[in-house]
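Colleague: Chains as they are written, first to last, in the working numbering: chain P, 1 to 104; chain C, 1 to 474; chain U, 1 to 45.
It cannot be assumed that every hint is accurate.
In silico lysine to aspartate or glutamate, EDC-like type, Cα no more than 20 Å apart, as pairs [stated by the list, open to error]:
id : chain 1 : residue 1 : chain 2 : residue 2
1  : C       : Lys391    : P       : Asp44
2  : C       : Lys32     : P       : Asp44
3  : C       : Lys228    : C       : Asp104
4  : C       : Lys291    : C       : Asp104
5  : U       : Lys10     : P       : Glu7
6  : C       : Lys391    : P       : Asp75
7  : C       : Lys25     : C       : Glu292
Hints were generated in silico from the structure; no laboratory data involved. Small disclaimer: the values here were computed from a predicted structure and weren't measured.
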Amino acid sequence: MDLQTQEAILRASQTYDKADLVVLLGSPDPESAEIAAETVIVGDPSYAGALAGAQLGLPTYHVLEELIHADIPDDVWEAQIGVMADVLEADALAATVAGMRAQA
Amino acid sequence: MPDVVISAAAQVLAHVPSLARHGSKPRRELPKSAEQAERFAAALRTYDEAAAYPPHQAWIGNIHPRDLGDRPWSANAGAPRRTGRFGEIMPEEEFLGLLAAVDDFELFALSPEAAATAAAALAGHPLAKALALDKIDKAAGDIEAVAAEPKALRLTAGAVMRCAQADDESLSAHVLIDNLAAKATATLALLHLLERSGIDPTSIDYVIGCGEEAIGDRYQRGGGNMGKAVAEAAGCTDASGADVKNFCAAFVPALVVASSLVSAGVFRRVAIVSGGSMAKLGMKFQGHLAKELPIMEDVLGGTACLVEADDGTSPRVRLDVVGRHKVSAGGAAAEVMKALAIEPLTRNGIAMTDVDDYATELHNPEITEPQGSGNVPERNYKIIAALAAAKGDIARADIAAFVAERGMPGYAPTQGHLASALCYVPHALDRLTTGGAGKVMLLAKGSLFLGRMCQLSDGMSVLLERNVGLEAGR
Amino acid sequence: MNSNLLQGKKVIAVGERDGISGPAIAACAKAAGAEVVFVATECFV
């Protein structure tokens with residue numbers, strides 16, 4: 001994950017009550033979703049950024065997960081996500097990020 | 001307004017394994033671990049391996065990307081072929097000489113041995129007469145002394161880059177070799193275009209650069225101007241030039257600007273050039289080493305194409321079929337693609353199935369997948385096909401066939417502007433003249449957010465079409 | 001059926017250029033009643 005993004009997430013975790021924070025990912029494939037979720041939940045696997053060893057354990061979801069989709073009004077979903085829900089492998093993405101949440 | 005055509009295009013690669021460690025990522029990561037640096041060096045390809053690699057053969061025009069076959073593509077490699085109908089793959093020892101030949105400030109220094117090798121090889125090059133080979137001798141000398149100068153950069157055993165001003169980051173040795181490598185590859189491509197088309201260099205009025213490098217000093221970082229620098233180096237003495245910048249997407253706006261200049265009668269012939277991005281060499285090396293693959297980001301690309309008034313045979317640039325990504329289109333991927341692939345076609349009553357080839361972000365998936373970046377072109381084609389199905393131009397069941405028939409595998413080095421439609425131009429010219437295609441759409445996307453000035457992306461598309469004059473002549 | 005995972009939450013949107021972009025995620029989160037405190041889009045090519 002981008003180093004500036006990691007710094008910003010670390011700052012947010014220090015600024016806000018962690019219980020109020022939710023991280024939403026938009027990764028296109030399970031490989032990149034796994035790295036992003038791992039970085040936010042257990043720490044940067046490349047040990048390059050601010051989240052190395054951070055173990056923030058922030059609640060993290062892929063935006064295409066059914067749990068998230070259910071909260072988003074249909075018209076907004078159609079405009080912002082639209083056919084991407086068909087193009088990307090939503091089930092695999094959801095399973096990857098859910099698996100990482102279980103490690104929190 | 002007169003119709004405008006793309007009358008010629010050329011494309012080159014320079015295989016630069018010794019320069020790969022100077023890419024941004026290896027430059028930051030390799031010093032952290034001697035073991036990793038050793039593995040990196042051991043995983044570099046030989047010239048023959050790189051030249052035989054089928055995507056590189058597609059780049060220089062010896063095969064069409066749809067004929068790359070099953071992956072891994074290295075398993076289908078035939079004999080290494082240096083030249084193709086679009087250009088060549090230049091070996092590093094010659095490219096070092098080319099760098100010296102396009103260096104106007106004596107910043108690039110070669111050892112006597114490296115200079116002699118380069119000069120001898122380039123003397124026999126078909127473009128030798130167009131190159132300032134005398135500069136190679138001038139670049140030769142005691143490079144240990146040059147390497148000891150403040151802020152000099154050791155590039156290879158036989159090559160060193162000076163900085164131009166020790167306290168100006170924009171003129172550091174790293175920035176300058178990035179820019180010089182871009183100039184060299186772009187110049188080589190333009191020289192191939194001139195040689196192959198037989199066009200008089202002095203007949204070119206304007207040269208537009210659309211690469212990713214930032215040329216300037218501390219008072220105007222990225223001020224430019226690569227276009228005119230390449231014009232001079234390629235002997236286009238009657239030309240001026242300027243650059244069009246738009247991250248990876250710059251080529252399509254550059255093509256639309258060039259075509260508009262010709263259509264409006266401002267200029268008769270405009271060349272569009274771009275060189276390779278040294279910063280992107282070895283960008284995904286960690287994924288390649290982890291999967292025990294060679295370092296595949298070891299080549300620099302260079303491109304050139306020529307825009308002029310309708311000649312009756314060359315493919316037309318349809319300036320009435322240009323798609324642009326408006327500010328209001330936001331950042332949703334499907335909206336971007338609607339703006340680029342759907343809107344301009346719909347506005348002109350063209351069905352998505354009327355377009356034979358869509359060329360967009362043709363990044364080589366064998367380079368991107370090992371690092372977890374997925375198959376970029378395939379994803380784009382699936383979006384285009386899903387939109388075509390939503391629009392009713394194809395049935396949902398035909399999405400996979402649409403992707404296979406109208407898309408193609410990515411074969412470009414991961415240097416965004418090269419992958420972004422630009423690399424397909426010479427293939428498009430073939431397909432729209434001697435091949436079976438009637439329409440080719442070029443779509444380019446750029447990640448503006450990387451520069452931190454806005455959260456937006458951008459993109460532009462344009463349709464190329466078989467010349468009606470060609471049909472009449474059949 | 002709403003999960004109410006987002007209502008009243010502070011959302012960090014980490015999009016990807018080739019997937020769902022940061023601004024697209026942010027628009028979804030806002031519409032679900034969240035406050036978006038950080039938006040980024042990553043690009044790996």
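Colleague: Compare the structure with each hint and give your call.
Modeller: Checked hints:
no., hint, result
1, C:Lys391 with P:Asp44, "violated, 42 Å"
2, C:Lys32 with P:Asp44, "holds, 17 Å"
3, C:Lys228 with C:Asp104, "holds, 13 Å"
4, C:Lys291 with C:Asp104, "violated, 42 Å"
5, U:Lys10 with P:Glu7, "holds, 17 Å"
6, C:Lys391 with P:Asp75, "holds, 18 Å"
7, C:Lys25 with C:Glu292, "holds, 18 Å"
Going down the numbered hints, you'll see the structure goes against 1, 4, while the others check out.
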